[in-house]
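Chemist: Residue strings, one per chain:
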Amino acid sequence: MTLIRYTEDHEYISVEDGVGTVGITDYAQGKLGDVTFVELPKVGEKVKQGQPIAVVESVKAASDIYSPVSGEVVEINEALNDKPELINQEPETGAWIYRLALSNAGELDKLMDRDAYLAYAGAEG
Amino acid sequence: MSAAPATTDHEAAPPLRQTPLAALHRELGAKLVPFAGYEMPVSYATGIVKEHTHVRERAGFFDVSHMGQARITGPDFETVAAAFERLVPGDIAGLKCGQIRYTQLLNDEGGIIDDLMATREADGTGLFLVVNASRKEVDFAHIAAHLPPTVTLAPLANRALVALQGPDAARVLARQMPEAAGLAFMTAAPLDWRGAAVFVSRSGYTGEDGFEISVPADAAEAFARSLLAHPEVEAIGLGARDTLRLEAGLPLYGQDMDETTSPIEAALDFSIGKRRRRDGGFIGAERVQRELADGPARVRVGLRLEGRSAARTHMKIASETGETLGEITSGAYTPTAAASVAFGYVPPRSSAPGTPVAVEIRGAFQPARVASLPFVPHRYVRKA
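As you go down the protein sequences, you meet chains A and B in turn. For the first sequence, numbering that gives the first Met the number 0 begins at 0 and goes up steadily by one. For the second sequence, numbering that gives the first Met the number 0 begins at 0 and goes up steadily by one.
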């Protein structure tokens, strides 16, 4: 069963069998504008919940991506090296940024479910 | 996700001014941002990359009404030109009727107060100026304070300024004003548009062929709508204006130059003619002439980075051996160059195109090379 959770920084994590797939939300890519570069993490990198792990650059700005939970990076989306614009085109499907093995699944409880996130993003406008 | 800290402080700022096209921008779905005290469109629905590409391939409409417009008039053109030549290093006396000159206002230390366009009006006695939005009050006060009693500066507050840029610009504008297509690059003429007195310049800030048109404020929206009605034309925001001018090698005041920068450092030597180099006679001439003779301490260059990551303002430029050379003043991954390109200042010994350097981005040095400007070739129409 897949569990999807969202952060206040507009990352999503989709968890299946202890592995989370992380990217930015459709709302976030709309705010960023045209994405021109994604600085991916390295496989094997360990990260704590809320720490910066990747960078998404748009034409106008660079934005840190914070890891929604703690864990170890097990896979990165190499397609983003050649086609960073995938973040704009399919943010919540093909343009995931990295996958990590969760070290503390309990951290997911601090994140928002989809309804709560949509209300949050909607309020931010 | 969080964006890098904004460079402007929006708190306690005075209310934003609006251009005569504010309602139209809203109708077109513009994303509006504060810029130089105005609420301005940074992009429209399609986004910066598509807008940028549209200008390179078809024609883009820009609202640049936030920029300052003014006239300088006097008893005759010679008097006006001589008075203005005290303030700028450009050859103003040599302008033919309708000819435009790019030049800079300099301070006593040879630093750039602003860069501007000066046009000799077709009737031969006055100069028409276009200056940067962020500097217009400073410029106008400086100019007025230095003019002799017989020469007068009159800001033109009640006019909009729009730009039409791109390979289809001349074809489009000619459908409305056939005379416009007859203008050569860097010339201008007063024309009539449906009874409104407009001032059409064949110039721009994108590297493409195009026009800047000064329009009475009350005719601005009708004129803008008439341009946007042509299928070739899309509205373009300040975001794409910035990537276009970067590719075209054109510096932006306040970012690539300020009151500490000389025109020689900013690589604007081309805008200073032979007579003015030799004779001086303008505020700041001492430094300009010294740097022309001995070379400046630093010079603006183009940089092309190897990766896609963008070099942003204030990032450090280092030599291959790690010695600090200077810093980035503008940079972005731009659509037509399809590369991460930037301007920055380096010592002249490191300024030759091809020189390998490195730019510090988020703590890591990214390889780059000094590049010839422009990054994308200009397509100005020298002769109509």
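In case anyone wonders, no lab produced these hints; they're calculated from the structure. The beta-carbon is built from N, C-alpha and C at its ideal position, and this holds for glycine as well. Keep in mind that the hints are not guaranteed to be accurate.
Reference excerpt, derived from the structure (chain A facing chain B, CB under 7 Å, subset only) [to be verified]:
| id | residue |
| --- | --- |
| 1 | THR20 |
| 2 | ILE23 |
| 3 | TYR26 |
| 4 | ALA27 |
| 5 | GLY32 |
| 6 | ASP33 |
| 7 | ASP63 |
Chemist: For every hint, state whether the structure bears it out.
Modeler: Hints, one by one, checked against the model:
Because the smallest distance between the Cβ of A/THR20 and any Cβ of chain B comes to about 16 Å, over 7 Å, the interface hint for this residue is violated. Restraint check, A/ILE23 versus chain B: the minimum CB separation of about 5 Å is within 7 Å; hint holds. Violation of the interface hint for A/TYR26 is found here, the shortest Cβ-Cβ separation to chain B being roughly 10 Å, above the 7 Å cut-off. Taken as an interface hint, A/ALA27 checks out: its beta carbon lies about 5 Å from the nearest beta carbon of chain B, inside 7 Å.
For A/GLY32, the shortest C-beta to C-beta distance to chain B is roughly 6 Å, which falls under 7 Å, so the interface hint holds. With a least beta-carbon distance of about 4 Å to chain B, the hint placing A/ASP33 at the interface is held under the 7 Å criterion. For the restraint placing A/ASP63 at the interface with chain B, the shortest Cβ-Cβ distance is roughly 6 Å, inside the 7 Å limit, so the hint holds.
Checked against the numbered hints above, the structure breaks hints 1, 3 and satisfies the rest.
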